[in-house]
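Chains G and C supply the protein sequences, listed in that same order. With full-length UniProt numbering as the guide, the letters of the first sequence map in order to residues 1 to 314. With full-length UniProt numbering as the guide, the letters of the second sequence map in order to residues 1 to 314.
Please keep in mind that the hints were generated in silico from the structure rather than gathered at the bench. Heads up, some of the hints might be wrong.
[Unchecked claim] Just the calculated beta-carbon pair ranges, DEER-fashion:
no. : chain 1 : residue 1 : chain 2 : residue 2 : range
1   : G       : 282       : C       : 263       : 33 to 39 Å
2   : C       : 123       : G       : 153       : 29 to 35 Å
3   : C       : 137       : G       : 281       : 25 to 31 Å
4   : G       : 71        : C       : 198       : 20 to 26 Å
[Stated by the list, open to error] Short, incomplete list of chain C residues facing chain G, as computed with Cβ under 7 Å:
no. : residue
5   : 148
6   : 191
7   : 215
8   : 240
Here a beta-carbon is modelled for each residue, glycine too, at the ideal position from N, C-alpha and C.
Protein chains: 2
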Amino acid sequence: MTICLDMMGGDFAPLEAVKGIRDYLTEAANPALLFLVGDEAQINPLLQEYKIPADKVKVIHAPQVIDYNESPTKALKEKQQSSIAVGFHLLATGKAGAFISAGNTGAMLVGAMYSIKPMEGVLRPTISTIIPKDNGNTGLLLDVGLNADCKPEHLNQFALLGSLYAKHILGIDNPRVALLNIGEEEGKGNLLAQGTYPLLKENDQINFTGNVEGRDVFLDKADVVVCDGFTGNVILKMAESIYEITHRKEIKHEYLDRFNFELYGGTPVLGVAKPVIIAHGISKAKAFVAMINLAEKMIATDLMGKMKASFESK
Amino acid sequence: MTICLDMMGGDFAPLEAVKGIRDYLTEAANPALLFLVGDEAQINPLLQEYKIPADKVKVIHAPQVIDYNESPTKALKEKQQSSIAVGFHLLATGKAGAFISAGNTGAMLVGAMYSIKPMEGVLRPTISTIIPKDNGNTGLLLDVGLNADCKPEHLNQFALLGSLYAKHILGIDNPRVALLNIGEEEGKGNLLAQGTYPLLKENDQINFTGNVEGRDVFLDKADVVVCDGFTGNVILKMAESIYEITHRKEIKHEYLDRFNFELYGGTPVLGVAKPVIIAHGISKAKAFVAMINLAEKMIATDLMGKMKASFESK
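Only chain G is shown next, with the shape it has when bound in the complex (with noise of 0.2 Å):
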């Protein structure tokens, strides 16, 4: 198994990715063969410093970087020999199993949309949020983000998505998927909403539980919670300043703790054909690791592959 790292993106690169691999390294039985993309004479005294064992690790020079300003689809194709580029390279030729980030999140939202590709029957790849239940558990929310717009039909697939990945990654036995709406009965909500019930309620695909309010979003009531990116996104950050203002005040509590969103890392970009996880820019260590996991549980499970025979058979 060969997992593909950008070792320059992010505001601590690439120290904190050197950091990660290191932990990674020392926690995994067996670990997976990591592509390092980037600038050697950056990379290369770090791991010499932070003393990563040669044969796991392949340094693949890159001398060019993407910065996070930078526009996304131009910086693509102008810097064919940045890491972001470079990355998506050694994905889509299936030299890597799966491809890590934490530069410029256009960047990786263009490379997984063309060099990638959405997987057969998708319309709209998505992004997710892993949501910290107040009993503990661990719930899903897509998109969050990069479908500002959606029709009934995108979210029905966000619901399948989500569910095959509830399952798969979270380890979530026939996942409840829910609606997120303004109202429980079914005909409330807004025009996408409205549209968006009957077609989850037919979907044999999924197990769809009716909706679910704002209220209900930090409850155990479902596993997999979709909605349009637009809102998705507004809850997302209304979840991180949860925890920076409460951290700020220190206001202590383990439940807290569960919205720092760096413990889970990035999100991978569900329905593109191949592993792509999108980080955090201010992805530290601690990420790299949870990234490295996901990527690694992401392939060992055959996602992609499950979701491509569920989008298939349909």
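Starting from the structure of chain G, add chain C where the hints point.
Below, chain C alone, put in the same frame as chain G:
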């Protein structure tokens, strides 16, 4: 000044309303005359028990009650002797200056729209919520559920209504108005946000300061935040659940206490011609005091007159 209260609305009617009236009359230097609408057989013994001075209140008998699960339009038409119908009649005919109820929300909205009616020029009346900011300040978010599907011109009107409310009721001078969005720059967002931004920018009746994101909702980046009623409702209910979850887990902090939405009483319907305040069904004494004070302030500042003037001058 006369304020009309529905005594039969909410989960704890009429007891908690009576307790609230007692507290209001104890605290107010120059209290308004209160019209108490409902079943006099239930109300009168409580007024005696709680020693409410007879010259400060006037019981107006209404033998019918609209239950929380009745169809609003049908119930209002058929139950002309219900406390909500009678309350709206008193408000519409000018016998009361404001109407407050914790009863059937739908019936309150239907009454506000059809028996009081929107102000000239207002396309869609709206409801808002108070948002506790991390620095101790208070902001306003609207719409929070009355308008699940919105157009840019609706959000532009919510911005003006919210701005006037923030100025005259919350006492915020030249309130900063922001658009809830999923990115900071102009041009970001879903089609609604993209269409709304230029209208807000050109609106010279408000102090538009740009986009805010989900992470900013609880920060003091803007005084008034506008969004569609679907997103706003999800935010409001999430914020309510933060209080409930942290309270249940005994996570104590004065900042979290401010998420107890009972403190703020109900929400006025902004954009209708007269003060209508809709309370949460679980309202207790403290909420009733807050709502009576709010009604008083709406009358004393002539908020409705100021809103009308602003819409006429457009």
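Structure-based check of each hint:
Look at residue 282(G) against residue 263(C): about 34 Å separates their beta carbons, and that is inside 33 to 39 Å. Between residue 123(C) and residue 153(G) the beta carbon distance is about 30 Å. The supplied range of 29 to 35 Å therefore holds. One distance hint, 25 to 31 Å for the beta-carbon pair residue 137(C) and residue 281(G), holds here, with the actual separation near 29 Å. A C-beta distance of roughly 22 Å is found between residue 71(G) and residue 198(C), which places it inside the suggested range of 20 to 26 Å.
Here the hint on residue 148(C) is kept, as its CB sits about 4 Å from the closest CB of chain G, short of 7 Å. Below 7 Å, beta-carbon pairs count as interface contacts, and residue 191(C) has one with chain G at about 5 Å; its hint therefore holds. Using the Cβ-Cβ criterion of 7 Å, the hint placing residue 215(C) at the interface with chain G is satisfied: the shortest such distance is roughly 4 Å. At about 6 Å, the closest approach between the beta carbon of residue 240(C) and any beta carbon in chain G falls short of 7 Å, and the interface hint on this residue holds.
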